[in-house]
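Enquirer: Residue numbers for the sequence shown follow my numbering, so the first one is 1296 and each next one is one higher.
Just so you know, these hints were derived from the structure itself, not from any lab.
Built from N, CA and C at the ideal position, the CB exists for glycine as well.
Take these hints with a grain of salt, some might be off.
[To be verified] Each computed DSSO-like pair below joins lysine-lysine, with the alpha-carbon atoms no more than 30 Å apart:
#1 Lys1951 x Lys1363
#2 Lys2038 x Lys1951
#3 Lys2139 x Lys2038
#4 Lys1437 x Lys1951
#5 Lys1992 x Lys1623
#6 Lys1363 x Lys2056
[Said to hold, decoys possible] Label pairs and their calculated CB-CB ranges:
#7 Val1808 x Ser1480: 52 to 58 Å
#8 Leu1421 x Val1808: 52 to 58 Å
#9 Gly2156 x Thr2089: 25 to 31 Å
#10 His2053 x Gly2156: 32 to 38 Å
#11 Gly1357 x Asp1959: 29 to 35 Å
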Amino acid sequence: MRQNGGFPPFGEPGSAPVLLLPPNAGSLLKWGLVFLLLVLALFLLNFARNVYTDWLWFSNLGYLEVFKTVLWTKVQLFLAGAALFGFLIAVNLWIVRRTSRGESTLPLPTDTLRLLDRLLLASILLGALLISILFGVSAAGKWEIVLRLLNSTPFGTPDPVFNKDIAFYVFNYPVLRFLQGWLLSTFIALLFVVTVAYLAHAAFRGIPFALYPHMRAHLAVLGALVFFSLAGSHFLDRYELLFQRNGAVVGATYADIHARMLALVLLIAFAVAAGLMLLATLAPALRGPRGTRLIVGAIGLWVAAVILGGQLYPLFIQRFSVEPNELKREEPYIASNIQFTRAAFGLDIIEERPYDYQEATLEDINASTETVGNVRLWDPRPLLDTYNQIQHLRLYYQFGDVDVDRYVVDSQYRQVLVGARELIPENLPSDAQNWVNRKLQYTHGYGVAASPVTEFTPEGRPVFFLQDIPPAGKIQITRPEIYFGENTKEYVIVNSLQAEFDHPTQEDLPVYVQYQGPGGVHLSSLLRRLAYAWQFGDINILISDRITPQSRLQYRRAIQQRISTIAPFLTLDRDPYLVVTQEGRLVWIQDAYTTSDRYPYSTPFTSPFSGDTFNYIRNSVKVVTDAYSGEMDFYISDPQDPVVNSYAGIFPALFKPLDQMPQDLRAHLRYPEDMFTIQAETYLQYHMRDATQFFNKEDQWSIPIEVFADRQQRVVPYYVIMRLPEANTSEFVLILPFTPADKPNMVAWLAARMDGEHYGKLLSFKFPRGAQIDGPIQIEARIDNDTLISQQFTLWNQVGSRVIRGNLLVIPLGDSVLYVEPIYLQAANVPLPELKRVILGTSKRVVMEPTLDIALNSLFGKALPDAKPPGGQPAPGTSNAAQQLEKIRQALKDLQDGVTTLQEAIEKLSELLATSA
């Protein structure tokens, strides 16, 4: 019998064949190898194409260095991970080959054994290569945490247990945890591959598998490495206690410090001991059954330590030492949780003030004319439907969102709702759904609609500051085209030989343009056209004769997609908003957050918007995108954030200081709703700073409930223009009221400032203890119980109409509050809400009137002083005579509506009776 270098020998010539392979088996093997090489080549070509097109896209935006930094880091980590694993698996397979020599007992022909030998060798090498690639890809995927570690910035705050700077947990710990997990996975994979290789060799030799001393020694070394990796895992698990909840709060509590910490130290010792016991079996005296018993004992020792020390002992301490006296045991750890959670979510900067509540009076109204003149009567959701009915103007235009902002109009500070008129190619007529139209001709949206939040026409329609095509109004636009927006999801090609549709004229004639901006990749070569034709699976990019070397391909046009491609490490707010600059250009502002889930002792928050879980967040970045050119600027809005400073160190060409943002844009910066919501949700519990009060939940708050349309929902934060207590001027503020956890009355309200030097300041106003200030749902109940209002709702909800109750807003006025709820009426078959009534309320009464001014007069029982609203137009009902006349007219209209509704009902009943007869 002949031997080979470790794989099954070729057998003895002339032995009786048991298995005959096809005569063309070698040829099939070669063709199989060719197929695999073709697949690999296709994969590499696809990768090269992705790199090439991304290189062009990033270069067009001026962020090529960002792309190169990420790409080069990924390549280095991939090569390091794949090479290290490849080296380790090669060494182990070489050991298997050398120790697996022996005679083959399989009765196979020599040629068959030779082919099987090659197949086994190729399979093992291919498997090792694929696993090495997987481990390399795993390493490449950690490019972000590696770069953050290399550019880490200290927080300046140590944790209360290990006294390490928080930067260790945010930047160092994720890398340490990855390395430990990567090594553990590597040694387990090696253990599995080596075992399979030994089994395969035994099978091909035709002998029963047995654990020979050399095999046991090999596996013992790998097993020891596994246990040493587990020891590293236990060591890092000590830090993990600072993020877990095993006691009263998140973070290391009494049982963690006095039981789990000790248990983990013991587990480290037992894991190291188990690894050493496995290595001890390499001694000649322990190569027999004694060595086997030692191996079993080592594994059993570690398992017992995990069960007894890691699980049962901490549970015992928790049950018999902590629970009988929980508050006393946990108090210092609760205090740490409060301190670190407040810091992690920015609650420690909230300035808390008393709010000396007084019942609203006419004097409060007169002293707050700018606030009253900017009360939001138009809710974004009903207004969006209205815009899409009266301002979309063509089927292929659509408003996807309406955003709240502020502008100076007619020298007055006004709260304004703005919507972008974007182009939706899917809405083109079916006979116009062709490639030229969708990709070359209909390339962009056009203009915006903007209206003040308070004003409406006698028909219940919005009053516009900006409307129609071409745009007309008090806000000037010089560049109305929208190539980059919220809903621009398809690619387009501009500067082609096909003229682009710009907008229709009032005579319904098309106006055509050529794109003049820098946005998009030049299709200046056959290679570029080929690459993008492959990327989009669209051969027309390659063969169309309408495309020239000056043509530009615009893709990734959706605002959030563009930002996420450049900066995937940023978490984006749900709502980018459109701003009209002083130059008349349209730009999008996107709020972006830096987050971490490794802030010690901080309670994690799971975002209802993105589903992400984190326990540290900062609104550190504002991203500005030009709607015409697609140019993007990333501004650091929180230079105190160590996380964004780390990214700035990684990508110095990406970020700019906020001071470099144009002043007219800075005047439109908003405190983002998502950030405010997250902080408000956390503040419900973490406004309590006393550990005893926190533990007993003595002052737990909740988000109030309101009625919107015909269903209950939680109140969402809302923007108002108001003068805060002790402030000198009115400002743009984001506010949210709070109620006790088990009561409907209000206890406080939170405000975020955002104008000028006050940007980012948070104020919490607490009502006097014991005072009964109605919450939103109590006002809603009073509205339902008002017979006149409920009768009017019932009348409107008859045939053909639907009442939509808008958001109930709590508007602080001096030391009082005013409750405001708009009422919309919508036809059953046409989504065109019309603003028909305004409900105002105090803690004593509610009224519903046709206009805000009449409602104010009715609520306070006196005529208001003659005044003009901030827009400069005469306010409806600013005198007694005008108000009474308006009431009479409205009563007559209501009577007419009621008669019409009654007549329709009688006609329907008559038809029903006739049908029954």
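Enquirer: Give a verdict on every hint.
Expert: Each hint tested on the structure:
1. Lys1951 x Lys1363: The given pair, whose Cα atoms are some 19 Å apart, holds under the 30 Å limit.
2. Lys2038 x Lys1951: Answer violated: Lys2038 to Lys1951 is near 47 Å, above 30 Å.
3. Lys2139 x Lys2038: holds, 19 Å
4. Lys1437 x Lys1951: holds, 26 Å
5. Lys1992 x Lys1623: Since the Cα atoms of Lys1992 and Lys1623 sit roughly 16 Å apart, the hinted pair holds (cutoff 30 Å).
6. Lys1363 x Lys2056: Violated. Lys1363 to Lys2056 sits at ~38 Å, over the 30 Å cutoff.
7. Val1808 x Ser1480: 52 to 58 Å: Given a distance of about 57 Å, which is inside 52 to 58 Å, the answer is holds.
8. Leu1421 x Val1808: 52 to 58 Å: holds, 56 Å
9. Gly2156 x Thr2089: 25 to 31 Å: Roughly 27 Å apart at Cβ, these two residues keep to the hinted range, so it holds.
10. His2053 x Gly2156: 32 to 38 Å: Once the Cβ atoms are compared, 36 Å apart, the range 32 to 38 Å for Gly2156 and His2053 holds.
11. Gly1357 x Asp1959: 29 to 35 Å: Because 22 Å falls outside the window, the suggested range is violated.
When each numbered hint is compared with the structure, violations occur for hints 2, 6 and 11.
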